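Starting from the given sequences, assemble the full structure and let the hints guide the process.
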Amino acid sequence: MTVIRNEIRKGFYLDSVALMRIGRAVAALPGVEEAGLMIGTPANKEILREAGVLGAAGEPAGPGDLVIALRAGDAAAADAAIAEARRLLNQPRHAASAGAAWHPRTLRGALQQMPDANLALISVPGDFAAAEARKALRRGLNAMIFSDNVPLAQEVALKREARDLGLIAMGPDCGTAIVGGVPLAFANVVPRGDVGIVGASGTGIQEVSCLIANAGRGISHAIGTGGRDLSVEVGGITTLTAIDLLDRDPATRHVVLISKPPAAEVARLVLARVARSPKPFTVCFIGGMLDEGAPANAKFAATLEEAAEGVLGCKLAADRGELPKPDGRGRLIRGLFCGGTLCAEAQVILLRSGLAVASNAPIPGAARLAGTSGAHALIDLGEDDFTRGRPHPMIEPALRDAPLAEAMADETVGVVLLDVMLGWGSHADPAGEVVRALRSRPARGPAVVASVTGTDADPQVRSAQVRKLTGAGVVVAPSNAGAAALAVQCVR
Amino acid sequence: MTVISTWGAHAERFVARHASARVVALFSRSLHLEADGDFLCLGDASIGRGPLNAIMAAEDWARLAGSVPEAGGVAVVGRRAIGIGGTAIDTSCARPWRPAPWPPAIGRARQLEVVERLVHLARDRAPADGLARMVLAPAAEPCSTLERIARPRIERLRAWVAIGPSAAARGRPPVDLLGLGPGLTPSGDDLLCGALLALHAVEGTAMAAGLSREIAATAPAATSPLSAAFLRAAAEGLGSEPVHTAIAAVLGGRVEALASRLEAVGRIGHTSGWDALAGALLVLQAFGTTAVQRPWVAQRGISE
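Respectively, the protein sequence lines represent chains A and B. With the working numbering as the guide, the letters of the first sequence map in order to residues 1 to 492. With the working numbering as the guide, the letters of the second sequence map in order to residues 493 to 796.
The hints are simulated quantities; they were obtained by calculation from the structure and are not laboratory data. Bear in mind that the values here come from a model prediction, so they are computed numbers and not experimental data. For glycine and all other residues, C-beta sits at the position ideal for the given N, C-alpha and C. Take these hints with a grain of salt, some might be off.
Sample of chain B residues lacking proximity to chain A, with all beta carbon distances greater than 10 Å (derived) [claimed, not checked]:
hint, residue
1, Gly540
2, Leu604
3, Glu605
4, Arg617
5, Arg643
6, Glu647
7, Ala698
8, Ala713
Computed footprint of chain B on chain A, listed as stretches where at least three residues anywhere in the stretch have a Cβ under 8 Å from a Cβ of chain B [unchecked claim]:
hint, stretch
9, 67-77
10, 167-177
11, 202-210
12, 433-443
Structural data, given as structure tokens:
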């Protein structure tokens with residue numbers, strides 16, 4: 001039986017971002033059907049009333065009060081949700097009262113605050129990133145450079161300087177790392193463990209680390225290198241340094257290397273270094289074919305899923321769910337991806353199945369996309385064409401709304417393939433955004449299959465996100481590769 | 493010594509009017525003092541310049557935040573200093589911030605072009621929460637309870653603005669957006685703040701005064717005391733600096749400045765900046781597309 005629970009906090013002030021985040025977190029809890037945290041103005045009480053979450057206990061709220069209002073499937077779920085809302089509402093005050101939220105404006109100021117720091121995360125416009133990274137290196141700090149648009153020559157110079165100083169420069173355009181259990185930028189909350197990851201791809205690191213975590217293992221460190229590290233010009237400087245670091249780290253017992261296809265001579269250099277390591281490696285050059293064999297201590301993996309399986313030593317969940325055959329529609333697959341490497345992985349799956357595929361970020365063997373009609377089209381929405389002057393779709397999933405509506409309306413499309421990226425930095429409720437965008441789908445629309453990259457420890461809670469999607473009729477596969485395979489099976 | 497470097501008109505007035513205040517909110521970047529319904533927002537430069545804001549150096553803010561253990565404490569307000577949690581904050585050297593005067597207006601066709609450009613940029617970037625998207629890119633069907641309730645109220649405001657000063661003077665301005673929507677300052681209030689600023693910029697005072705009067709009469713029962721304080725400032729034509737500069741970019745025809753103005757607007761709260769901008773654009777669109785008498789055109793000698 002449905003239960004409404006309200007609680008009033010008299011004269012309670014919390015900043016808008018925290019209010020929104022807590023509201024979404026409570027709404028995503030198990031058993032919660034609807035939830036809202038709003039200032040108790042008459043107009044807002046009207047909204048809560050109409051949404052069916054305002055009960056007698058919430059009615060007395062005044063314009064200076066905060067109302068927690070929720071509706072859940074049963075009393076236990078409602079009580080648990082109210083308890084979680086209380087806990088979350090109390091949290092920020094403690095953090096602020098400790099004075100811990102001071103944001104230093106300069107590297108120097110930050111070091112005064114934290115003299116033992118050994119890593120600086122640089123996120124400034126590309127024109128200034130190299131200068132800031134150099135300052136960090138010269139103060140003895142390793143650098144993670146989140147910024148993109150850093151000239152290649154500056155990247156090479158920075159990485160050489162870092163190497164000469166015995167440090168590492170991760171990036172530019174390094175969006176993901178986990179160092180000593182601390183997620184940096186776009187990363188997921190995964191347990192500590194014995195698997196080290198070196199990756200030139202942020203979403204590739206996220207997918208592999210989450211598949212490993214969800215299978216019960218953990219990550220020692222995940223080191224991002226930046227997308228150009230394995231180019232001829234850069235020569236894999238950061239990848240090689242990262243392998244050195246993981247070789248020396250006693251907690252790391254297995255290393256996964258992830259990259260889009262590297263330059264052949266750099267691949268040889270890296271594989272030669274892998275061969276000298278005492279540790280086992282899984283190497284995933286996604287979409288790339290290598291002529292030479294793997295070193296004795298390494299295995300190649302064609303997909304991110306296979307890379308995770310290589311570490312785990314077993315196949316991941318075989319049950320990929322079931323997708324209804326498209327009824328009265330065409331048999332084309334339209335993939336709309338937030339993660340560039342997930343788009344590449346899906347291309348591998350389609351190509352391996354003998355399907356012709358086109359993409360705006362094609363891997364070898366795929367065609368460059370020219371329009372979306374008449375082909376299986378896998379689109380990387382994180383590419384510059386979509387994100388120039390706008391947030392990345394992992395931050396603002398609404399970027400997918402228009403192409404999703406277009407796919408829904410296109411009768412040649414039988415299956416829509418989506419990825420949902422969770423973790424720090426990502427949107428607070430990406431599955432909710434997908435569900436919102438799907439509300440206007442036609443009655444006999446295409447089947448929708450998705451993967452959710454994340455863990456239950458992520459701020460968005462993977463299981464809650466999966467539940468939202470399945471509740472809206474989306475079939476959720478256990479991995480991105482699994483989702484692509486399911487899409488292929490459906491259009492066969 | 494902790495020092496206020498810059499403050500807005502209402503922050504300055506707060507110190508002149510009150511001898512004590514209560515710490516009602518403590519955030520990572522700021523704290524709010526309240527006294528008899530007036531508010532003062534103390535914080536580092538990241539809170540931006542605005543009528544209620546008093547800004548200090550980051551190090552000073554860190555020291556102050558560390559000395560204020562909980563919301564609910566008392567602050568002593570003197571003529572030259574504020575005392576909170578054992579920290580004295582010197583206000584004697586604070587430089588007053590006032591928004592820059594509105595730039596000379598450009599011709600009607602050009603202004604409409606710039607407004608539409610800004611609408612286009614803003615609707616792609618505004619967050620799904622709040623009211624901005626409903627103003628800038630109304631969808632065919634409301635997709636949330638908030639939208640179902642907000643949309644007719646937005647349209648009533650749009651219609652009132654569109655009929656112009658002479659007709660508007662005969663009817664009561666619609667203020668049923670007050671207190672509506674998410675956020676510490678409800679989105680509807682932010683939208684009304686933006687609309688008031690834009691009315692000050694393009695229309696002079698008649699419509700702004702009419703809307704302000706209606707808001708002043710309704711706000712005490714309709715919205716939070718903090719939000720009412722922001723609305724009082726907006727009634728005087730005072731809002732957050734990024735919203736002022738965005739409106740000024742439109743009036744001055746500075747298309748090249750729009751993207752950076754939007755970035756700054758996006759840093760105000762979660763949706764507050766976007767909602768205020770949407771309110772301003774609702775007014776700027778109406779004044780660009782209707783044939784209402786526009787005193788600012790005559791005052792500034794701009795030809796249609």
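Structure-based check of each hint:
With 10 Å as the threshold on Cβ separation, the claim that Gly540(B) sits away from chain A holds: the shortest Cβ distance comes to roughly 14 Å. The claim that Leu604(B) is not at the interface with chain A holds, since no C-beta of that chain comes within 10 Å of its own (minimum 22 Å). Chain A leaves Glu605(B) outside its interface by the beta-carbon criterion, the shortest separation being 19 Å against a cut-off of 10 Å. With a least beta-carbon separation of about 6 Å from chain A, Arg617(B) fails to lie farther than 10 Å from that chain, contradicting its non-interface assignment.
Even its closest Cβ contact with chain A, about 12 Å, leaves Arg643(B) beyond 10 Å, as expected for a residue assigned away from the interface. Even its closest Cβ contact with chain A, about 16 Å, leaves Glu647(B) beyond 10 Å, as expected for a residue assigned away from the interface. Under the 10 Å C-beta cut-off, the non-interface status given to Ala698(B) relative to chain A holds; the minimum distance is some 27 Å. Listed as outside the interface, Ala713(B) is inconsistent with that label: its C-beta sits roughly 7 Å from the nearest C-beta of chain A, within the 10 Å cut-off.
Coverage of the stretch 67-77 of chain A by chain B is violated. Counting CB-CB distances below 8 Å, 0 residues qualify, and the rule asks for three or more. For a cut-off of 8 Å, the count of residues in the stretch 167-177 of chain A with a CB near a CB of chain B stands at 0, and the three-residue condition is violated. With 0 residues having a beta carbon nearer than 8 Å to a beta carbon of chain B, the stretch 202-210 of chain A misses the requirement of three or more and the stated coverage is violated. Counting residues of the stretch 433-443 of chain A whose C-beta lies closer than 8 Å to any C-beta of chain B gives 4; at least three are required, and the coverage claim holds.
When each numbered hint is compared with the structure, violations occur for hints 4, 8, 9, 10 and 11.
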